Amino acid sequence: MLVVDDAVIGRTFREESGRSVATLIRIFSDIDLAEDAVQEAFALALRKWPTEGLPPNPGGWITTTARNRAIDHLRREARGRELRGQLIEGAEETSGEEAGPVQDDRLRLIFTCCHPALSTEAQIALTLRLLGGLTTDEVARAFLVAEPTMAKRLVRAKHKIKAAHIPYRVPSAAELPERLRPVLAVLYLTYNAGSGGPSGDGLRQEAIRLARSIASLMPDEAEVAGLLALLLLTESRWPARFAADGSLVLLRDQDRAVWDRAMIEEGQTIVRACLRRNRPGPYQIQAAINAVHADAGSIEATDWSQVLALYDQLLALTPTPVVALNRAIALAEVRGPNAAMALLDDLALDDYYLFHAARADLLRRIGQPIDAAQAYARAADLAPSDAERAFLRGRLDETG
Amino acid sequence: MPRYLLSTHVADGDAREPMTDEQMQHSWQAINALETEMKSAGAWVFSGRLHDADTASVVRVSGGEVVTTDGPFVEAREHLGGFYIIEAADLDAALGWASKVTRTISAPIEVWPFADTAGG
Numbered sequence: 001m002l003v004v005d006d007a008v009i010g011r012t013f014r015e016e017s018g019r020s021v022a023t024l025i026r027i028f029s030d031i032d033l034a035e036d037a038v039q040e041a042f043a044l045a046l047r048k049w050p051t052e053g054l055p056p057n058p059g060g061w062i063t064t065t066a067r068n069r070a071i072d073h074l075r076r077e078a079r080g081r082e083l084r085g086q087l088i089e090g091a092e093e094t095s096g097e098e099a100g101p102v103q104d105d106r107l108r109l110i111f112t113c114c115h116p117a118l119s120t121e122a123q124i125a126l127t128l129r130l131l132g133g134l135t136t137d138e139v140a141r142a143f144l145v146a147e148p149t150m151a152k153r154l155v156r157a158k159h160k161i162k163a164a165h166i167p168y169r170v171p172s173a174a175e176l177p178e179r180l181r182p183v184l185a186v187l188y189l190t191y192n193a194g195s196g197g198p199s200g201d202g203l204r205q206e207a208i209r210l211a212r213s214i215a216s217l218m219p220d221e222a223e224v225a226g227l228l229a230l231l232l233l234t235e236s237r238w239p240a241r242f243a244a245d246g247s248l249v250l251l252r253d254q255d256r257a258v259w260d261r262a263m264i265e266e267g268q269t270i271v272r273a274c275l276r277r278n279r280p281g282p283y284q285i286q287a288a289i290n291a292v293h294a295d296a297g298s299i300e301a302t303d304w305s306q307v308l309a310l311y312d313q314l315l316a317l318t319p320t321p322v323v324a325l326n327r328a329i330a331l332a333e334v335r336g337p338n339a340a341m342a343l344l345d346d347l348a349l350d351d352y353y354l355f356h357a358a359r360a361d362l363l364r365r366i367g368q369p370i371d372a373a374q375a376y377a378r379a380a381d382l383a384p385s386d387a388e389r390a391f392l393r394g395r396l397d398e399t400g
Numbered sequence: 401m402p403r404y405l406l407s408t409h410v411a412d413g414d415a416r417e418p419m420t421d422e423q424m425q426h427s428w429q430a431i432n433a434l435e436t437e438m439k440s441a442g443a444w445v446f447s448g449r450l451h452d453a454d455t456a457s458v459v460r461v462s463g464g465e466v467v468t469t470d471g472p473f474v475e476a477r478e479h480l481g482g483f484y485i486i487e488a489a490d491l492d493a494a495l496g497w498a499s500k501v502t503r504t505i506s507a508p509i510e511v512w513p514f515a516d517t518a519g520g
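Note that the protein sequences, when read in sequence, are chains B and G. If you read the first sequence in our numbering, its first letter stands for residue 1, the second for the next number, and so on. If you read the second sequence in our numbering, its first letter stands for residue 401, the second for the next number, and so on.
These aren't lab readings, by the way, just hints derived from the structure by calculation. Bear in mind the structure is a predicted one, so any value in this text is a computation, not a measurement. Ideal Cβ positions, reconstructed from N, Cα and C, are used throughout, including at glycine.
In silico lysine-lysine, DSSO-like type, Cα no more than 27 angstroms apart, as pairs: (1) K152/B <-> K162/B; (2) K160/B <-> K500/G; (3) K439/G <-> K500/G; (4) K162/B <-> K500/G.
Residues from chain G shown here face chain B by an in silico Cβ test under 8 angstroms; the list is partial: (5) P402; (6) D490; (7) L491; (8) D492; (9) P513.
Pairwise CB distance ranges, derived in the manner of DEER restraints: (10) H159/B <-> I485/G: 15 to 23 angstroms; (11) A339/B <-> G496/G: 44 to 52 angstroms; (12) A185/B <-> T420/G: 38 to 46 angstroms; (13) S440/G <-> E178/B: 20 to 28 angstroms; (14) A430/G <-> A339/B: 47 to 55 angstroms; (15) I485/G <-> R212/B: 43 to 51 angstroms; (16) S199/B <-> R460/G: 52 to 60 angstroms; (17) S506/G <-> D397/B: 54 to 62 angstroms; (18) A146/B <-> G496/G: 33 to 41 angstroms; (19) A146/B <-> S440/G: 46 to 54 angstroms; (20) V467/G <-> T135/B: 50 to 58 angstroms.
Put together the whole structure using the sequences plus the hints.
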């Protein structure tokens with residue numbers, strides 16, 4: 001018999017709780033009831049599974065158990081109230097394990113969590129809590145806020161969903177482009193929030209897992225596939241991203257032998273499918289840029305003219321200063337650092353550390369070490385994580 | 401069915417560029433058409449446009465007596481200018497109506513759920 005320990009149950013919780021919570025919200029139209037019941041079902045699993053063994057369908061077991069728990073709760077509260085009684089009857093008739101609607105439940109839930117009427121912070125917190133199965137404390141730590149602050153944020157968001165009747169359904173085709181945007185942004189922000197160092201492993205994996213499940217639920221949405229590919233290709237370089245001392249290693253200096261080939265393969269397959277579909281969007285183009293890097297054996301062997309062409313396309317779609325900065329960095333590889341420097345002067349990015357890091361690098365290559373040192377110092381001051389600060393200070397020492 | 405307040409706020413003092421008669425008429429027609437649409441969809445409950453805030457009065461109980469003073473209640477730069485009360489199946493439906501209103505009157509619309517509707 002397979003040994004069922006806390007780790008196995010913890011993993012099952014991560015993988016299955018979102019599905020169960022989503023299904024129970026559909027049945028009972030009550031987020032808190034759904035959350036509590038699923039929590040109780042896992043507590044029961046922790047007691048039962050180690051002695052009785054893993055049930056054949058652990059996710060289905062959790063959903064069914066949670067549904068029965070929720071019905072018990074309602075019974076205890078109901079005491080003859082007719083409305084509740086009807087709800088219980090309805091719930092008893094609904095199976096928690098049908099394949100079709102269950103799949104849609106998670107989609108419905110992510111569109112509720114990422115409704116544009118909720119703040120971005122609330123969207124991310126709800127998504128990680130309800131779909132990702134993270135505890136309130138875990139969500140709080142991921143975003144560096146105190147647990148009570150995050151708890152209050154979650155309570156307020158759930159209250160707004162209920163009070164304002166934010167619907168629990170997949171938006172119509174006409175609404176979809178506007179409504180999909182915050183969903184993808186939440187997943188991308190979640191991934192990035194986990195990019196500061198190894199402590200973010202869970203968040204990055206969660207973002208990839210959710211992107212993967214949304215991509216499988218919405219196979220016709222090219223940008224969802226694009227986001228998944230972008231996350232996979234970015235994640236493939238993770239093993240090479242940090243030096244032994246914890247400082248950041250730039251793409252140019254990374255040991256490409258340790259890049260995760262399986263993730264690259266999966267990401268590139270998706271990028272190729274996107275290219276065939278020919279409905280480009282910002283996530284797909286960023287994925288394609290990363291796919292070009294993944295193809296190259298070294299920074300010199302990179303097809304930079306291809307990278308630059310993709311940045312041209314990205315800048316046309318999303319004309320932001322940050323995209324213009326990244327395009328300028330690519331341009332430096334094709335036409336030299338002087339051409340790129342000329343572009344940087346026009347960008348209003350004085351508070352953005354990567355702007356100063358890029359400027360410093362170009363100045364160093366042009367042969368202006370004093371200006372380069374100044375720019376590295378400014379970048380280090382603004383850098384958000386220890387790893388990045390350590391890297392930039394290192395560069396500053398080399399330059400100065 | 402849930403009810404929502406769709407409200408618009410006007411800033412005191414900075415009256416917008418006055419409309420020509422033709423623009424005014426065009427605007428009225430558009431607003432009327434939208435109200436007709438709301439009514440035939442069963443969404444419209446009540447609506448109204450308010451006079452400027454300096455026409456408001458406030459009554460309050462002070463020392464056991466009801467005292468009336470010159471309003472408005474809130475000393476703010478912006479005041480309620482007009483509102484719709486609508487019925488909608490959910491927030492998305494309410495936001496749908498709000499989008500039509502904001503397009504028609506070219507001002508932002510705040511969408512607030514009522515707390516005391518049956519079933520909500």
